[in-house]
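4 protein chains.
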Amino acid sequence: MSDVRVAIVGGSGYTGGELVRLLLFHPHVQITQITSERFAGKLVAKAHPNLRGVTKLKFTSVAQLDACDVLFLCLPHGEAAKNWDRYAGLAPRVIDLSADFRLRDEAAYRFYYHNNHPRPDLLADFVYGIPELHREALRDARRVACAGCNATATILGLFPLYRAGVVLPQNTVVEVKVGSSEAGNRANEGSHHPERAGCLRSFSPTGHRHVAEINRELSVADKASVHFSATAIDMVRGAMATSHVFLNQSLTEKDIWKIYRDAYGNEPFVRIVKERDGLYRFPEPKLLAGTNYCDVGFEKDPSSDRVVVISAIDNLMKGSAGQAVQALNIMMGFEETTALAFPGLHPV
Amino acid sequence: MSDVRVAIVGGSGYTGGELVRLLLFHPHVQITQITSERFAGKLVAKAHPNLRGVTKLKFTSVAQLDACDVLFLCLPHGEAAKNWDRYAGLAPRVIDLSADFRLRDEAAYRFYYHNNHPRPDLLADFVYGIPELHREALRDARRVACAGCNATATILGLFPLYRAGVVLPQNTVVEVKVGSSEAGNRANEGSHHPERAGCLRSFSPTGHRHVAEINRELSVADKASVHFSATAIDMVRGAMATSHVFLNQSLTEKDIWKIYRDAYGNEPFVRIVKERDGLYRFPEPKLLAGTNYCDVGFEKDPSSDRVVVISAIDNLMKGSAGQAVQALNIMMGFEETTALAFPGLHPV
Amino acid sequence: MSDVRVAIVGGSGYTGGELVRLLLFHPHVQITQITSERFAGKLVAKAHPNLRGVTKLKFTSVAQLDACDVLFLCLPHGEAAKNWDRYAGLAPRVIDLSADFRLRDEAAYRFYYHNNHPRPDLLADFVYGIPELHREALRDARRVACAGCNATATILGLFPLYRAGVVLPQNTVVEVKVGSSEAGNRANEGSHHPERAGCLRSFSPTGHRHVAEINRELSVADKASVHFSATAIDMVRGAMATSHVFLNQSLTEKDIWKIYRDAYGNEPFVRIVKERDGLYRFPEPKLLAGTNYCDVGFEKDPSSDRVVVISAIDNLMKGSAGQAVQALNIMMGFEETTALAFPGLHPV
Amino acid sequence: MSDVRVAIVGGSGYTGGELVRLLLFHPHVQITQITSERFAGKLVAKAHPNLRGVTKLKFTSVAQLDACDVLFLCLPHGEAAKNWDRYAGLAPRVIDLSADFRLRDEAAYRFYYHNNHPRPDLLADFVYGIPELHREALRDARRVACAGCNATATILGLFPLYRAGVVLPQNTVVEVKVGSSEAGNRANEGSHHPERAGCLRSFSPTGHRHVAEINRELSVADKASVHFSATAIDMVRGAMATSHVFLNQSLTEKDIWKIYRDAYGNEPFVRIVKERDGLYRFPEPKLLAGTNYCDVGFEKDPSSDRVVVISAIDNLMKGSAGQAVQALNIMMGFEETTALAFPGLHPV
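Residue numbers (this note's numbering), protein chains in the order written: chain V, 6 to 353; chain B, 6 to 353; chain Y, 6 to 353; chain H, 6 to 353.
Note that these hints are calculated values from the structure, not bench results.
Please note that the accuracy of each hint is not assured.
You can't tell identical chains apart in this list, so a pair holds if it fits in one copy or across any two.
[Unchecked claim] Pairs of lysine to aspartate or glutamate, EDC-like flavour, derived with a Cα cap of 16 Å:
| id | residue 1 | residue 2 |
| --- | --- | --- |
| 1 | K47 | E280 |
| 2 | K263 | D110 |
| 3 | K51 | E280 |
| 4 | K47 | D282 |
| 5 | K228 | E280 |
| 6 | K279 | D8 |
| 7 | K228 | D110 |
| 8 | K51 | E194 |
| 9 | K51 | D282 |
| 10 | K279 | D260 |
In isolation and in its complexed conformation, chain V is listed as follows (with noise of 0.2 Å):
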């Protein structure tokens, strides 16, 4: 089997850099580009230090790019689907992995992003990324729209209750907890170290766009509709959900497990991690980075009927360019944890 061809549109940002770093490693793929306007011409390892001595490719701008097997869209808001006639043009397939291409309803594009989308006829095309819920429809995909890291953290972690209709599907409270990679690598007033460095930012209360993508993802059994925050804390990679749900009827935590375990048992990349004691009782974002784990776990109030779900993933993996990656392997017929065996260092 010869490699899969595949260039990386927009290489220069964070998203682009995990998806140079999985793909290099990957033994059935071959890089054949990657594009930045601001570095064409310069090696890789120029924006992505970590690849310095790694690989000797260099940047090519947008305007050179050839036709290959698969297309990765690694760009700012907007711009994948401003110009998707051009890239779909290059590749049989394309992975996005911006928001553009995540929502099927017009109407929730436009209450969260404020603008109509631009490309409305294309939205039924794409399968959202996350293969837990839709590895059938990735086998065949042409289009994936890969999921907003803090969407991915949350339902995986809320997806198994939802599906078991265990659960008031409109009562749920969740707490995104984030690191400042999220944000892209522009830097900014938010971003300046001074400001960030040590912060508990409640940067977005209420409103935050991934929950559009959470409600019809965890609209399984009812509508679901929930209660979302997102906080940002000194961390730079990593997204941790705290969830909190109430049952509609009385479950003991090994009924819950059981639920879990039904639904994660067979998931090479989401583990149930919930222990009676040690320091790493429940998941935690610093033992993912560079990983492409999902840990979830939850622990039952014995008080009343909240179950309170904690996930955690890396935001740059499994919240998006390792999501990605599974994607392909799964679309492509490899393994589907190929170029993804990292399993994250301790302590760091």
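Let chain V serve as the given structure and place chains B, Y and H on it in line with the hints.
Quick look at chains B, Y and H alone, frame taken from chain V:
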């Protein structure tokens, strides 16, 4: 007016150190003794290196405690109750910074502390130390039980809405984010830097002890029952509560603002922090390090009846030693802000 | 005695913010104006969120500056010199916190700042703002040039040994570790949190501008020429110099201690920190955040003639705004510690 | 070729955990046993939570150790020497990661470790584990003593200049900045998060044990005698040496570059990092977390004969477990980079 003579029992810990720092600069107070068994005979600065050159006071053994006007108890959980008669005999006024006398209900104590209270006969004697709720009682108090730090942040964030009767009192979800100083100055596995650094640790998803105080204080109009979780982050000082409350009636942000202004408009140490733009639109604990402020902000979810309330404190100050000094000022008829004027730093 | 009327030019930056914080609590000072072009007409707390509720002062445009008793200049490099005549006309006393007037030697300025000095005629008029070296000159000073933060830490660490003539004056190696607030409040690529967090960045291995000041101040007995490097770490406030000096004669630790005690025994803001045991045996900047202290410690290498000197400050305080207020106190005949008594926090 | 059978003694510590992580993915190695008295019978993931779901291996007691091909010793200082005969009897090849056999000179051991060496008869049997200096000896080695982490960073930074004979061998000043994982996984007062966080702690201004190894390895042309200090910063993984060397002849940066290229041009794990612009002009440990690289950079001071050399590693990898695996690969004739290809993350 001659100085008030105060002694501090258990002065080598973190809250004891803060008390010393504050009281050294209090114009109407003289610190007569500071006890520590471990450091007896040594300079106070040996335990509190920030006080080098600031004071020449030395620690004494608790066995050498003399009578004084006000006794502050900064002891590990259980110690104040165990030796209460001795301490009560030394001073007409006692301010306890431990958890021993915060509750009034023996059953609640048993449920959350997994023990029978050793001195239930004393529980009714204590005034709970949050001045914003109990200022009048504090004026005449002989015994004060300072509130738990997480409880302080949560209660001050939620009290106005509960008092106004505008929320569903049992539907509130609270997540407190805490720094490592909350756990005191004893090293243990969980405080080992390689493990505690970079952590995002759901150490108490359910069952946190401070819930008992919170529910009691918020049961103004109806019986309150909050759903509480606590998460440790990589921060030394500070606590922030993100509370999700659900309205039982339609209110605008202006209505809610008015409720908070009515509650806190004249409070010297509660600031309503809610801005349209800028980085610090909502409260953040890093701005509060060393101060006695509790900053409170909120946002009404335009898509639902949820209000997100954010409340932040320095856990060692407004959550402990600062609260104790504020109570002292009220009890002794001093200007309430005496020795508590430090405004905090920025950037930090 | 009526209050001294002071104005602050460039008051929205980090050193300006610290000046405001200090002077608001200065019992003999009235802040008449604080300028900021960006924030003109807005509350000072808009730029300095720690001052919310502490002051109702607003920024004004520099065009509206009135005459006052003392003018503080907190401007970007080059601005003070450029508009000097205007500023000098407004107040009999001017304290400049920029780098413009720190040097006296035009050639040194040209070498380190890569430009001709715009106003060499003024250089001789300024007193260098480190009180421990220039207290007498400061009493009668009309113009003060506050020292660079790294220079302050280095000079205060080394001055006693250089003055005593016990070191090889050209063999000293200094490495300063600095926090991100040193670079001011403008966001840029280097201050972007995902890049600046966790950094250990040798940003100035050689050629740092503060070397000129350091060499001049240390040329007491002989011409000094230190070997200087600066490294950025993940810290917001604080600077610490680790200096390796080589003795030109045999000295014990006791001898060295005596040299430091002779130099600093009566200094209100220099503490000799050198303990046999405990965690804080030597100076550390985190204990100094918000304080005006310079802590100095040392260890003699028993295997060589090397002495390692450790000196730490808060770069925005003793390294800038605190130094300026100390100079003000000296110039105006106030108690030197006025408004500078905050002892710092622990833990933090 | 059948797999090499390796066992790890003391596998619950930080370096043991890294060894397990690396060797689990080594294609020619089978881990037969991992010992831990504390965790005997428990899953390896209990001590190393990053390995959850990655391996089902369990710890065994050291009493149950069987013979194997290669034995790795990850024991506290002194333990390997004490029980040497037992360990040596179990495997023809032993790789020791402790400090026990790093020195060859009993007097140096006595000076730096304050004890007589318990087994001086063995000292000559060990090959020092830095492949860049001892690759040929490692090929035939039966016993390897891995270098100290700080020594590794320092030696790799300085060796080319010392070997070239271009420096004053006794005038070098080195300051190493270290993370908290260097001190191992036992909690103590100094590792308590509120004290260790935000620290900038000169914990070993003089007298550091690694000086003995450094001086021996650098004594190529002349007897070396570096002036060494170690400072702890708020970082978990990573060590960086800033070394100030003084040339004994006039050299340009190009000359120096050539010296480094000659030394490391073919080394798989040493990269020369020295760029004109960008943020990562010089080595930084955060980019190296989890990797086996030692990055080395330098700057010649244009005003003096000083060269500042910056060298960075992951202390648990190139400074310990990675170095050990590299040595294993060399000893066994495997491709030297096997199981060591992880390139590190950015941002992080």
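Against the structure, test the hints numbered earlier, and report the numbers of the ones violated in rising order.
2, 5 and 6
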